[in-house]
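*Asks:* Here the protein sequences come in this chain order: W and Z. With my numbering, the residue at position 98 of the first sequence is 98, and numbering never jumps. Heads up: take any position in the second sequence, counting from 1, add 1000, and you land on my numbering.
Honestly, the hints are just simulated from the structure, not real lab data. Any given hint might turn out to be false.
Partner residues are not named here, just some residues of chain Z that face chain W (Cβ under 10 Å, in silico) [to be verified]:
1) Ala-1081
2) Leu-1089
3) Asp-1092
4) Asp-1103
5) Arg-1106
6) Gly-1174
7) Pro-1176
8) Thr-1195
9) Ile-1206
10) Val-1207
11) Gly-1211
Predicted, not measured: the structure shown is a model, and the values here were computed from it. Where is the CB? At the ideal position from N, CA and C, for every residue including glycine.
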Amino acid sequence: MSERDRRRLVFAAFAAVLPLALLVALSRGSVPLPMGGVLRSALGRVGVAWGSPLPGTGEVILWSVRLPRVLIAALVGGGLAVVGASLQALFRNPLADAGLLGVGPGAALGAVLAVDLGWAHERFLAMPLSACAGALLALLLIYAIAHAGGRPTLSGLLLTGLAVSALAAAGTSVLLVATEEFRVRTILFWLAGGLEGRGYEHLALVAAFVGPGALALLLLARPLDVLSLGEEEAASLSLPVHGVRILVFGLCALVAGPVTAVAGAVPFVGLIAPHALRALVGPPSRRLLPASFLAGAALVVIADVAARSLGQYVELPLGSVTAFVGAPYFLVALRGQEGRG
Amino acid sequence: MSGRRRAAAGALAFALAAASSVSAGDATPRKVASLNLTADELLVEMLPPDRLVAVTRWADDPDMSNVAGGVPAAAVRLPRADLERLVALQPDLVVVSEYTDADFLRLLEKSGLRHHRLSGLDTLAGIRAAIVDLGRAVGADAAAGRLVARYDAVLAELSRRLAGAPRPRVLYWGDPHTAGAGTSIGSLVETGGGTNVGRELGLTGIVPLAGERALEADPDVFLVTRGSGAATALRRHPLLSRTRAVREGRVVEMPNRLLVALSDHAADAAWWLASRLHPARVPEEAPPARLE
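Construct the complete structure from the given sequences, taking the supplied hints into account.
*Replies:* Structure (structure tokens):
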């Protein structure tokens, strides 16, 4: 099999796995729905009558509760994987992911503030919007501080991100200890990552950023590949290194911020998907980014099914499920990288 | 207001009340689901068993619940706020807590489920109002009235017995949280014949308290949850073990189900606490049966 055929096969496999994962995710849950019924119901919605669909409550569960959740899972996974692939090219490090951006702690601070002030209990979408604002403010702060002394280096940008993250984490801790016990539980669930209770409005929020953001990153595939050769080589090829770097960094944060705001912390997805796929589709971003999107989407959809199915009394945190898979993978990949280094 | 105007206003009020009672009667929920322990306790006491379709899994836990053993067997025990199972049960009303997320409530509405939110449970007066509201929402006004009548009778008797008694200064200790103003525990302490030290310190809500401030406050009594290990922790605490209250053994360990009671059982909780703070005036642990 030629290299090209193998790559096509990989794409075809992921293009098949994702719909299958979505179908399984739509049928699994605390109230099981038959896959045939789910399919018939979906066909019925597009005007194809084929046998009897689901009973009334099944229809409500499928269309009002489960579908938005499953689609959010796909967008969260896809978005994080594209961000991971882009950052790995930007930093020329195959173990980079969205955690480097500093938007997670900013989002956490926004979410805790919404809970502490009681907004989350009183106003619809207050928590994800507040988390989103926290993430974007953290991004602006990183940008402003890093540029205060002129054009920052990549390491300067990263270290500024670390410092802003530490500040946001400190603020989160202060608020958490001062928040009423009853409210703390809400924020703990958010911090652990999860998709319970998310509806179409949350889906719209994620889609509004992930769709255009991922597409823009895909359009930057060629500059990303040039950047991955090194800054001097990129500059010698007439690439506006600083501008592209800031643009990629900003787009990654714009995708990761709202994703974190809606789903909480979902670690390792941005690391596993592109890292595993690089060997299958090759390093060029024009192939790696879309393949990572598909793989990341399937991974989080399956992880969410596991989160819903494995816990007896509580739903397992989605972030814990991805960490249980991702942390061992990361350690193995790290050992492999050290072995090569 | 003139007599004629007053009469007209009265007639209008009567007409509105009549209209609203008809409307409430039409909308009386047949099947009710509960998503919090307080509602579990109240609904078990208010509704016939066939109308309560779901309770939380805590309702059967004798450490947490005041109705353990009395929950209808047919009611589904929900381990969490599981929207899919709620939709499958098709309740006419879902009773949620004050702390339920607004996003979850929107999803409930979009799934076609009505909800009633319990609120104002941070004082004993607020709990009374919440019982009446819930009774109205589930169409069980008479049953709610009976609960409230007993609640009032217990608290009135307690107030009579504690009249003029010196009030010990009580500090709730949840290592490191305490209860300030605007909390059910603070209200419980004051109804049970104590003075809430958390409120004295200017605190509001259930908030952390530094050991040094607690030592300086020098409470007469520490109130802790029984079985939580808090009493042992107090005796081993480097600072708080030196307080008079700990040295002299004035640590009241209250059963968890009473300490967290935000239903009509809050009156029983106040009575229990009074029996520990004022044993000469309130010798019985539970209110006498004549108040039933």
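*Asks:* Now tell me, hint by hint, if it's right for this structure.
*Replies:* Do the hints match the structure? See the list:
Below 10 Å, beta-carbon pairs count as interface contacts, and Ala-1081 of chain Z has one with chain W at about 8 Å; its hint therefore holds. About 8 Å separates the beta-carbon of Leu-1089 of chain Z from the nearest beta-carbon of chain W, less than 10 Å, and the hint is met. Taken as an interface hint, Asp-1092 of chain Z does not check out: its beta carbon lies about 14 Å from the nearest beta carbon of chain W, beyond 10 Å. A distance limit of 10 Å between C-beta atoms decides the matter here; for Asp-1103 of chain Z the minimum to chain W is near 6 Å, and the interface restraint holds.
With 10 Å as the threshold, the beta carbon of Arg-1106 of chain Z comes within range of chain W, its nearest partner Cβ sitting at about 5 Å, so the hint holds. This hint holds: Gly-1174 of chain Z has a C-beta 8 Å from the nearest C-beta of chain W, less than the 10 Å allowed. A least Cβ separation of about 9 Å between Pro-1176 of chain Z and chain W falls short of the 10 Å threshold, and the interface hint therefore holds. Interface hint status for Thr-1195 of chain Z: violated, as the beta-carbon distance to the closest one in chain W is roughly 22 Å, over 10 Å.
About 5 Å separates the beta-carbon of Ile-1206 of chain Z from the nearest beta-carbon of chain W, less than 10 Å, and the hint is met. Here the hint on Val-1207 of chain Z is kept, as its CB sits about 7 Å from the closest CB of chain W, short of 10 Å. With 10 Å as the threshold, the beta carbon of Gly-1211 of chain Z stays out of range of chain W, its nearest partner Cβ sitting at about 14 Å, so the hint is violated.
In summary, the structure is inconsistent with hints 3, 8, 11 from the numbered list given earlier, while agreeing with the others.
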